[in-house]
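Protein chains: 2
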Amino acid sequence: MPLSRLDRQIAFLVEADKLKNTIRATELCDNSRYENSAEHSWHLTLYALVLADQAGPDVDLPLVIKMLILHDLVEIDAGDNPIFGDLDHTAIEEQEKRAADRIFGLLPDDLRDSFRAIWDEFEAAHTPSAQFAKSLDRFQPPIQNLQSGGGSWVDFEVTEQQIQERVGSKIARGAPALWEYARTRIAEFFAANAGK
Amino acid sequence: MPLSRLDRQIAFLVEADKLKNTIRATELCDNSRYENSAEHSWHLTLYALVLADQAGPDVDLPLVIKMLILHDLVEIDAGDNPIFGDLDHTAIEEQEKRAADRIFGLLPDDLRDSFRAIWDEFEAAHTPSAQFAKSLDRFQPPIQNLQSGGGSWVDFEVTEQQIQERVGSKIARGAPALWEYARTRIAEFFAANAGK
Numbered sequence: 067m068p069l070s071r072l073d074r075q076i077a078f079l080v081e082a083d084k085l086k087n088t089i090r091a092t093e094l095c096d097n098s099r100y101e102n103s104a105e106h107s108w109h110l111t112l113y114a115l116v117l118a119d120q121a122g123p124d125v126d127l128p129l130v131i132k133m134l135i136l137h138d139l140v141e142i143d144a145g146d147n148p149i150f151g152d153l154d155h156t157a158i159e160e161q162e163k164r165a166a167d168r169i170f171g172l173l174p175d176d177l178r179d180s181f182r183a184i185w186d187e188f189e190a191a192h193t194p195s196a197q198f199a200k201s202l203d204r205f206q207p208p209i210q211n212l213q214s215g216g217g218s219w220v221d222f223e224v225t226e227q228q229i230q231e232r233v234g235s236k237i238a239r240g241a242p243a244l245w246e247y248a249r250t251r252i253a254e255f256f257a258a259n260a261g262k
Numbered sequence: 067m068p069l070s071r072l073d074r075q076i077a078f079l080v081e082a083d084k085l086k087n088t089i090r091a092t093e094l095c096d097n098s099r100y101e102n103s104a105e106h107s108w109h110l111t112l113y114a115l116v117l118a119d120q121a122g123p124d125v126d127l128p129l130v131i132k133m134l135i136l137h138d139l140v141e142i143d144a145g146d147n148p149i150f151g152d153l154d155h156t157a158i159e160e161q162e163k164r165a166a167d168r169i170f171g172l173l174p175d176d177l178r179d180s181f182r183a184i185w186d187e188f189e190a191a192h193t194p195s196a197q198f199a200k201s202l203d204r205f206q207p208p209i210q211n212l213q214s215g216g217g218s219w220v221d222f223e224v225t226e227q228q229i230q231e232r233v234g235s236k237i238a239r240g241a242p243a244l245w246e247y248a249r250t251r252i253a254e255f256f257a258a259n260a261g262k
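One line per chain: the protein sequences are A and B, in this order.
Counting the first sequence from 1 gives a position; my numbering is that position plus 66.
Counting the second sequence from 1 gives a position; my numbering is that position plus 66.
Simulated from the structure, these hints should not be mistaken for laboratory data.
It is possible that some hints are incorrect.
[Said to hold, decoys possible] Computed cross-link-like contacts, EDC-like style, restricted to lysine to aspartate or glutamate with a CA-CA straight-line distance of at most 16 Å: (1) B/K236 to B/E254; (2) A/K84 to B/D186; (3) B/K163 to B/E189; (4) B/K84 to A/E226; (5) B/K163 to B/D186; (6) A/K236 to A/E226.
Predicted model, so just to flag it, every value in this text is computed and none were measured.
Kindly produce the complete structure, drawing on both the sequences and the hints.
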């Protein structure tokens, strides 16, 4: 017997539960453990609600929130790729596209297509909404690292210059005032921890 | 020096990180550990996107998603109160209201007031949007329990009748077809596990 529409919706939601077991390079603010991609995604939706006043006039906030809910689901298959790791971007992109095919493919066709379009828009980062969503995704880890005593910056022996290049440029693109906020505090952190 | 608007927004987002350490009575689908309230909140926003076709005509889906993002923040202070536990509802309500005062009070006044209004609407469960959000909040744990071999039903020695009373009535109120779906599968689960 073919699966009903509701069976397919539930099968997708059960599969999505696995994102709670995808571990990121960022630690919780209290330094107690590494964050998983599901709770990270929730935190980003809260960032979007709280920092909505940082979005430009062409940003569609409900769409941003949908992007943030969906953006990491591909990590169920592809895993998290830490931004300061040694990354093969072409290979990761291929792997994440295969993951999107499989995971969104569990859904009824209409939902598969609409979710995939939202994820593709986020990944392409050409629209104001996607750029703002990407800015939040890059802004949250430095905020956690500043709280947890360095977090992934310490683990990956990251320099202030690398943060500027890999993180700062992307935060600044969609939310310039947030990068200004983070940049100052990152500079203070590195000054205070120089030579440690 | 008084905190800037952005300082207060970030202070709230850092405080919200603690929800990742609030442990619920529900296990992950793979039975590996208990779920925390942050990843649960993310999962519910995904339930809302996937099951939007179960919402009645007067449901405002973007508002439902905001409710689900915010609904458990009070648990940072009040903890999770398992639905099958021995609960003092008046005491819990008072504790959660004090938590809402403190946690939303970290925000700039405009955000504090708008978030509190959304949380109050969810808690009161009088509007179609709040009733649908509550239905999803009650529907997700049985789906997890069916996957994990019983989960909180086993831990709390719950009967099928108790699920009907404490969970079924609330799912059915906002999303009757979802309760029909869950009810059938719960009956099969209890029939298969009778006497075990």
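Going down the list of hints, with the structure as the test:
no.: 1; hint: B/K236 to B/E254; result: violated, 20 Å
no.: 2; hint: A/K84 to B/D186; result: violated, 31 Å
no.: 3; hint: B/K163 to B/E189; result: holds, 10 Å
no.: 4; hint: B/K84 to A/E226; result: violated, 27 Å
no.: 5; hint: B/K163 to B/D186; result: holds, 9 Å
no.: 6; hint: A/K236 to A/E226; result: holds, 15 Å
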